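Asker: Residues per chain are reported as follows:
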Amino acid sequence: MALLEVSQLCVEFPTRRGTLRALDNISFGIEPGEILGVVGESGAGKSLTGSAIIGLLEPPGRVASGQIIFDGKRIDNLDQEAMRAIRGRHIGAIFQDPLTTLDPLMSVGKQLIETMQTHLKLSDRDAKARAIQWLEEVGIPAASERVFAYPHQFSGGMRQRVVIALALCAEPRLVIADEPTTALDVSIQAQIITLMRRLAADHGTSIMLVTHDMGVIAETCDRVAVMYAGRIVEIGPVENVVRSPQHPYTEGLMGSIPSLEARVARLRQIDGAMPRLNAIPQGCAFNPRCTKVMDRCREERPDLLPAGTTEAACFLVQGGAR
Amino acid sequence: MSALSRFLDSDFVYSFRRSPVAVVSAVVVLIIVLCAVFAPLVSPHDPFDLASISLLDSLKPPVFLPDGDWSFPLGSDDQGRDVFSSILYGTRISMIVAALAIGFSLVVGITVGLVAGYAGGAVDAVLMRIVDVQLTFPAILIALLVDGVVRAVLPPAAQDALQLDVIVFAIGISRWPQFARTVRGSTMIERGRDYVMAARVIGISSPRIMVSHILPNVLGPVLVIATLNLGLAVLDEATLSFLGVGLPPTQPSLGTLIRFGNNFLFSGEWWITIFPGLTLAAIVLSINLLGDWLRDALNPRLR
Numbered sequence: 001m002a003l004l005e006v007s008q009l010c011v012e013f014p015t016r017r018g019t020l021r022a023l024d025n026i027s028f029g030i031e032p033g034e035i036l037g038v039v040g041e042s043g044a045g046k047s048l049t050g051s052a053i054i055g056l057l058e059p060p061g062r063v064a065s066g067q068i069i070f071d072g073k074r075i076d077n078l079d080q081e082a083m084r085a086i087r088g089r090h091i092g093a094i095f096q097d098p099l100t101t102l103d104p105l106m107s108v109g110k111q112l113i114e115t116m117q118t119h120l121k122l123s124d125r126d127a128k129a130r131a132i133q134w135l136e137e138v139g140i141p142a143a144s145e146r147v148f149a150y151p152h153q154f155s156g157g158m159r160q161r162v163v164i165a166l167a168l169c170a171e172p173r174l175v176i177a178d179e180p181t182t183a184l185d186v187s188i189q190a191q192i193i194t195l196m197r198r199l200a201a202d203h204g205t206s207i208m209l210v211t212h213d214m215g216v217i218a219e220t221c222d223r224v225a226v227m228y229a230g231r232i233v234e235i236g237p238v239e240n241v242v243r244s245p246q247h248p249y250t251e252g253l254m255g256s257i258p259s260l261e262a263r264v265a266r267l268r269q270i271d272g273a274m275p276r277l278n279a280i281p282q283g284c285a286f287n288p289r290c291t292k293v294m295d296r297c298r299e300e301r302p303d304l305l306p307a308g309t310t311e312a313a314c315f316l317v318q319g320g321a322r
Numbered sequence: 001m002s003a004l005s006r007f008l009d010s011d012f013v014y015s016f017r018r019s020p021v022a023v024v025s026a027v028v029v030l031i032i033v034l035c036a037v038f039a040p041l042v043s044p045h046d047p048f049d050l051a052s053i054s055l056l057d058s059l060k061p062p063v064f065l066p067d068g069d070w071s072f073p074l075g076s077d078d079q080g081r082d083v084f085s086s087i088l089y090g091t092r093i094s095m096i097v098a099a100l101a102i103g104f105s106l107v108v109g110i111t112v113g114l115v116a117g118y119a120g121g122a123v124d125a126v127l128m129r130i131v132d133v134q135l136t137f138p139a140i141l142i143a144l145l146v147d148g149v150v151r152a153v154l155p156p157a158a159q160d161a162l163q164l165d166v167i168v169f170a171i172g173i174s175r176w177p178q179f180a181r182t183v184r185g186s187t188m189i190e191r192g193r194d195y196v197m198a199a200r201v202i203g204i205s206s207p208r209i210m211v212s213h214i215l216p217n218v219l220g221p222v223l224v225i226a227t228l229n230l231g232l233a234v235l236d237e238a239t240l241s242f243l244g245v246g247l248p249p250t251q252p253s254l255g256t257l258i259r260f261g262n263n264f265l266f267s268g269e270w271w272i273t274i275f276p277g278l279t280l281a282a283i284v285l286s287i288n289l290l291g292d293w294l295r296d297a298l299n300p301r302l303r
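The listed protein sequences derive, respectively, from chains A and B.
For the first sequence, the positions run 1 to 322 when the numbering used here is used.
For the second sequence, the positions run 1 to 303 when the numbering used here is used.
Derived by calculation from the structure, the hints in this document are not laboratory data.
Incorrect hints may appear among the rest.
Across the chosen pairs, the derived CB separations fall in these ranges [claimed, not checked]: (1) SER206(B) x GLU31(A): 18 to 26 Å; (2) VAL123(B) x ARG198(A): 40 to 48 Å; (3) PRO281(A) x ASP296(B): 17 to 25 Å; (4) SER206(B) x ARG276(A): 30 to 38 Å; (5) SER10(B) x ASP271(A): 53 to 61 Å.
Predicted model, so just to flag it, every value in this text is computed and none were measured.
Quick reminder that beta carbons are idealized off the backbone N, C-alpha and C, glycines included.
Let's have the full structure, built from the sequences with the hints guiding it.
Answerer: Here it is in structure tokens:
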């Protein structure tokens, strides 16, 4: 059974000029121990999906329909207090910017201890020992001496390691990592990604990795979901999606990764921009930018259709058109 | 020990040492506080000990005037009490009242500010309107009003016993809105920060986030206002006592001393009122200058 099962999730923002549908019929699952990548342009709804799962949508955003089932239980309709017991304990989160996710006036050890004692029954001494253990595990040198150091005494990469320890210390079964490496430089990114993979494997934690970096996805994930304008346009095992993308949008994304081998005069890109939420075109949301657009795409909206091991929301995959 | 050496090495201490005004004010405040705390040891007489007071010593001038002598360094009042000793004891009472009043203000103001800033919405609107309404009246007026109402409500027996508590309450309740406003503003800023979001994601409860994460991060500006208000609270107490609604003559504060001395100002015995007045001015000025320095030191943009 899947650890997390999101089905037909819609998130809406009521505004003065009508209701905006920011997530439209999102369905996906995450298996225990699996790493699911979520990619897409800015504003595609990646982070919003994460917020919806942990029940921290910024008002006026709200779950309009659909279900989120975690470990066999529905969690999208829980009250704040019940949700609080799940957050951190069962579902952890890692944010983009490690420089700001730590409380500047509390030592890292104390933050770890506070988090563990919120969810686990631990004496002060055990909690301290485990805080040191966690800092060692995420690769902080001289952890026992630095356990009560303050965030400003750590570098950016070290701080992100602390943030990862913080997300994992209550041993959640699912971690939502929202662009965990965006604020770091490239060499540190690789370390952090390796670290997250190792920890996920060691502790059997599932990860939902939100990013717009296809390189990170290709290296880290088991499966990947590609989002566009609030919908999932393609989802499947990472090798298949990267090697033989089914949806023209995914193809465009892959095509726009700069390569060191081929020298081109101009970087390839997908022409146009993602539509705003109040101006999503009729039919397939991608049709104005699609190079393979057909008449049908301007009328009807394709659902996710199976294409081998992956699923893609495109009429091209149907009936062996490709 | 390392915490102490780290503190002595901090920018804060450095900026303190570099500011002559801050050092002088701090020394003045320190001397006055020490004298007030150790008043029984420092003062040559005990102004409360009726047995040691003699009417024969009344209205003696200070030591530097022709008739003065060292047994009454700053002269004596009409009852023969030593003005210097009265000032020490008076300062003690004034400081206690001011410190307790500001402490009370801080507790109320910080609580209201944190809750309003963190909860937002209707809670915030209601609490802040209360603050706004109170801020339309001068603080001293509120203190007078509260003092009057509390005294009218209390039975006469309780009045005598609770005189100090009443004035602390009156001054404290007149000064909390400033703290509430400041804390609320800073809280709203901190609430939007990632670390608060992260704490919520971790599943830490709202009261705990407010107390252990937001509060330490908003204390800086509060500290500055608290210091400045401490000076004002000393002044409030003096004003109330001067008007005769503060502390009774049996527990003379600086304000009470000034009020009694005032009667002798034009008959030539100016020292009875001038010296307590100067002490009051020195206290309020030093605390204010210290508060100004603290504001600059805690605000990196002003350096």
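Asker: Can you tell me whether the CB distance of PRO281(A) to ASP296(B) sits inside 17 to 25 Å?
Answerer: Since the Cβ atoms of PRO281(A) and ASP296(B) sit about 57 Å apart, the hinted range of 17 to 25 Å is violated.
Asker: Is it true that SER10(B) and ASP271(A) lie within 53 to 61 Å of each other by Cβ?
Answerer: Holds, at about 56 Å.
Asker: Confirm or reject the claim that SER206(B) and GLU31(A) have a C-beta distance inside 18 to 26 Å.
Answerer: violated (34 Å)
Asker: Between VAL123(B) and ARG198(A), is the Cβ distance one that fits in 40 to 48 Å?
Answerer: At roughly 45 Å between Cβ atoms, ARG198(A) and VAL123(B) fall inside 40 to 48 Å, so the hint holds.
Asker: Note whether the CB distance of SER206(B) and ARG276(A) lies within 30 to 38 Å or breaks it.
Answerer: Between SER206(B) and ARG276(A), where Cβ atoms are some 34 Å apart, the hint holds.
Comparing the model with each numbered hint stated earlier shows that hints 1, 3 do not hold.
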